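Colleague: The residues making up each chain are set out below.
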Amino acid sequence: MVRDKSLTARHVGGVYWRALVAQIRAITEYPADFWVMASAGAMWNVLQFAFITVLFAAVPDVAGWRYHEMLMLSGLFTVASGSTALLVDGVWSTGQMVLKGEIDYRMTRPAPVVVQVATTHIGMQGFGESGIGLLMFAYGWIGAGLSLAALPIGLLGLVCAIVIECALITVFCAVNFWIKGPMSNFAFVLVDLQSNAMVLPLGLFPIGVRIVTLFVIPVAFVNFVPVAVLTGHLSAWWLVGTPLAALAAVLAAVGVFRLGLRSYDSAGH
Amino acid sequence: MPILEARSLSKTFRRPDKASGFKGAVKHLAQRKYKNYTAVDGIDLSIEAGESVAYVGPNGAGKSTTVKLLTGILKPSEGTVRVMGRDPHVERIANAHDIGVLFGQRTQLWWDLPVEESLKLLKHMYGVSDADYKRRLAMFDDLLDLGEFMPALARTLSLGQRMRADLACALIHDPKMVYLDEPTIGLDISVKDRLRAFLRELVDNGTTLLLTSHDLADIEEVCERIVVIDKGTIAYDGPITQLKAHYITTKAVNLYLEGPADVPALAEKFPDYAWAAGEAPSEVTVTYETSRFSTAGVLGSLTAQLAPRDLSLSEPSIEDVIRRLYAGELTK
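These protein sequence lines map, in sequence, to chains L and S. With the first letter of the first sequence counted as 1, position 260 gets the number 260 in the working numbering; the numbers rise by one all the way through. With the first letter of the second sequence counted as 1, position 136 gets the number 136 in the working numbering; the numbers rise by one all the way through.
I should point out that these hints are in silico values taken from the structure, not numbers from a laboratory. Where hints are given, some of them may not hold.
To be verified - Covered stretches of chain S (chain L as the covering partner; in silico rule of three or more C-beta atoms under 8 Å from a C-beta of chain L):
#1 71-77
#2 96-108
#3 115-124
Only a predicted model underlies this, so the values are computations on that prediction, with no experimental measurement involved. C-beta atoms are modelled at their ideal positions from N, C-alpha and C, and glycine is treated no differently.
Just chain S, with the same shape it has in the complex (with noise of 0.2 Å):
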């Protein structure tokens, strides 16, 4: 049985629409008018015990409604959420108890206390015993490095460790099911990556996680699975290593030749490849197909034709694939 299932989830919002400026403002308040706006449309989503999700998607694409409505802050227009086979809207106590939340954008620290102070109102409010709270604390130490920080005002803290001791609150009650929305946004490198590590010591101890990032490092790192929403429907839904698989069918080579390159021959000399100028008048870059080319054999004929002074090898990122499902030029 999944640990989250959402069937047909939708959110319709009711925006006003008014005209711009003080006129329009005037109408509005005699002659009101409302346009429904759907944020989500029509999703199904089944995540299962254990299994690691990146939610990815453009600006305004619906990821952080879906968020707010898995976990039951927002209640669906139409189609049901189970999270652990209880409705999050409705069983709002009980699913608390098992899930842990992090909003990127936002705080859940208490502004004028100390973050230890935080957290022990949460330990309260969630039941944590004793021993399992200085278990925790001592994890989190060891992975985020809190103590340094614990005794500081919230409202004193840098964003890295506002985020690192957001990260504990969430997690501070051992949660089943964590949904993290943008849990990298404005870090620093050397933060995101202790981040990217907790977390996927997090994800190796079985906890369920739902990501969603706008940096795909922390999804390539992180997950296993990724879901692409845009304009509040599902574009790609399955294993990352399948949606590379998929859609990067292409590697390309960049020669650094001794002499200027000269495109037009090489292309009419190895017809198979695709053949680009580089940045360098000595510089090319050739395009060649995964399926019919193995990348030993191109290299093969390659430098021992043309005898280049450098070469590298690149493929397109899962960034570039992602940013092409976003244009729409890719299919399901």
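Same shape as in the complex, but just chain L (with noise of 0.2 Å):
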């Protein structure tokens, strides 16, 4: 047998690929897990839905943003935030991987461990979850009057959401490598502070939060960013640094990872 023993992108896309189809079959082995959760992370979301429509009943603006904009931020956030359900689901469990001595048998396998841990199972959740924040989004789309002119940097928008939040989701997990547990805590922490307050315009909140989510943890770049230029909050040089964040986050994510890795001990020794 002739193998290439080296790793190629066509190779690590290959394997990311079939793991997560695979475990779509999987899936079709609980057909009332899957319907229970996909609504069950639809129903979360309408309830946000409908509060931002409550609110908005009640007040014209928040710092300047109207309804269909707000609708778009939380819209866009909810997406990118159930699309790390479908396609890196298996990071929350680093942690009890590490604690359990499971990282063994991915490190003995020819792909990189962190797409192996990432597609170890998939959040059903996630698909109702990025189906409503799809809803909300194209609705808010529709209501602020973009036009279709503007897809393409609507589209570049959402992969990098979807890039950024999958890896800082990544990162945030890969600490259970240092802090032995079974829960991302930190993970956890994030993403409940996305969904509370980066649902919101950035300008409500001081300079040193701003420049936090911009340049250290750039969670301003899953919705906020992209949205701010869609709806000429910001200027449209700001969309550069959406590619660029995505791209930071993506090397920290993959360098956290590999760190961790050095300092993998197993269990049972």
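Starting from two chains that each stand alone, build the complex the way the hints lay out.
Modeller: And the structure:
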């Protein structure tokens, strides 16, 4: 057997895609679970949709942002967050895998460990979450009067939002290589802060928070920057930062995971 | 050039040093103390291509840690490992193509997928061609009877089926060096026999094998060389036949006499042998040194002078020898 012993992007992509497709096939083993989880993911975000609608029945805008713009802001974050459950849900189990020594086999296979961990399972709530998020984003888009000409920017923002969110969750879950525990508490805190604070206009927050969310932990590029550019709250130049933030987040995720593997000491010595 | 070479290999883990109970836990939060625990302590190991090596030792001796160091899962605290000239921890991807690993206590099957899906995922991961994949599967089916449970979900397999499937996963890419950590743990006799036959076939085909097992029958049937590890250091390294020849220096004959055995009288009559009473009054065990007496000579004189009703011959097993090695009764 002649084999290429280096990793290529095609090989890594193939491993990722096949593992993900296999997980989707596994989901068909539990149809009831699928519908319950997908509905739960959808319900939670329908409530968010309703909350924004009720709020804007009472106030005309929040820090200059109108109803449909706020829907886009919330919708884009919801799509990104839901996508992490579909694309990298396995990283939430990093802590458990480290504690139980379940990284062992993954280190003896010719594929990146982070890819193997990320595709360990799929969070079925992600289907409902992403679906409702897309609906909110599309409804906000139409209501805000955006034309189809802005679609390429919207798609770039959407793709980058998903990449940044997946990468940041991976970084925060990889903390469990050092802080031993089964729960990915840091990632939970990140998502919690995002779902509470980052669905609001960034102008509401002090300058320190703005700097951190733009340049340290670039969560502002997940939803705020793309939507602000689309709706004219920020100049188009800010859009350049979105793919850069995505690239930085991916490099950070790969780097932190690699560092984690160096300190991994398995289980059962 | 050896296929695997470890020099002065050591692994030290840092463990929290805290008192038991709630008070100890709280104290540890404020005043953190750690102790170093050396699991593997300066091991030198060299394995030539095609060798089948048993790596044995009592619980906690450092067997699994050594396997994890050799496979690149763990980074050594000191010393070096080279597998086919590579550092397995640094050149993890290239090394992964050439090694196969099985940890008997864990599975590498995807839990909610059929076995064949797991194998297909691994096929793609290792870049195995369709023709090679089919050929390997046919071989596994022939030797391990995989076909019967290939469509079954991993979580529905019995332990024996799971182990056979895991073995196929470890070998699907035709690795040159195979590490098997307790491959027969928890299996019944028939599955064990089938696995051992498969491993013998593997070794006969030239695969290099490092096998850790507490079941010494695995070792005697599959391996030619044995490395005994205790407290992180190697207590013995050599051919199994040599271990037996070196340490098995006595044999015993169990005699079943017509009447009750008078052990002191017999010891007086045959002072060159060691005598011990058996379980029944008419049973007696005679132990003799193989370097001084031939078995034929001993049996001839005993049957001629004592006319036993029946007799049986026994020799210490490899298990006895290793038990004594663990206990420190024997030295290298």
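Colleague: Take the hints in turn and mark each one as holding or not.
Modeller: Comparing the hints with the structure gives:
Given as covered by chain L, the region 71-77 of chain S passes the check, having 5 residues with a CB less than 8 Å from a CB of that chain where 3 are the minimum. Under the rule that three or more residues need a Cβ within less than 8 Å of chain L, the assignment of the region 96-108 of chain S holds, with 8 such residues. For the region 115-124 of chain S, the assignment as covered by chain L holds, since 5 residues bring a beta-carbon within under 8 Å of that chain's beta-carbons and 3 suffice.
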